[in-house]
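K.L.:
Sequence:
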Amino acid sequence: MSVIRLNRVTRADAADLIAANVASQEYHLPWVTSFTDQTGFDMWFGRSLTGPNVCLIAREAASNGVVGIININEIVAGAFLSAYLGYYGMASFSRKGLMTEALSATVSYAFSDLGLHRLEANIQPENAPSIALVRRVGFKREGLSERYLRINGEWRDHERWALLADARN
16 MSVIRLNRVT
26 RADAADLIAA
36 NVASQEYHLP
46 WVTSFTDQTG
56 FDMWFGRSLT
66 GPNVCLIARE
76 AASNGVVGII
86 NINEIVAGAF
96 LSAYLGYYGM
106 ASFSRKGLMT
116 EALSATVSYA
126 FSDLGLHRLE
136 ANIQPENAPS
146 IALVRRVGFK
156 REGLSERYLR
166 INGEWRDHER
176 WALLADARN
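In my numbering, the protein residues as written are 16 to 184.
None of these hints come from the bench; they were simulated from the model. Being a predicted model, the structure only gives us computed values, none of them experimental. All residues carry an ideal CB built from backbone N, CA and C; glycine is no exception. Do not take every clue at face value.
[Said to hold, decoys possible] Just the calculated beta-carbon pair ranges, DEER-fashion:
1) Ser123 <-> Ala92: 13 to 23 Å
2) Asp52 <-> Ser78: 35 to 45 Å
3) Ala30 <-> Leu64: 10 to 20 Å
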């Protein structure tokens, strides 16, 4: 039996997500700046209504608490069938294996339900917990992208990790 429930985010999730992000701000830094108010939620959520993005919420089944969010971003169909993953967990559920379960469920959803061939996660080299997470799910390191993404006003290097649908363990 699954310990988490993974669903597409709805507007009804706003209050829980905002509260979880507020409580986890220090935990998220310096890797990500998450939204902490309704305006931020609306901007983030709006990306999932149209266009190539799917925003998912992972909740602990027993408590209904927010374990984390996972975004499947920039989905490209056709010959590419690929997307980028973005994710973060909440401090109150850290080190319990729940984000591993959530990311595994997301990978299954992306490959089975969405029919994708490749998922890519780009992670700052110093973010050891995130690298360990993708490694546990079966992602392989492909290389380093220098000054890949601008975070908090600074261009940051990222390791590129990928998983192919036909290479899952």
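K.L.:
When the structure is checked against the list of hints, which entries are broken? Sort them ascending.
P.N.:
The structure conflicts with hint 2 only, although it agrees with all the remaining ones.
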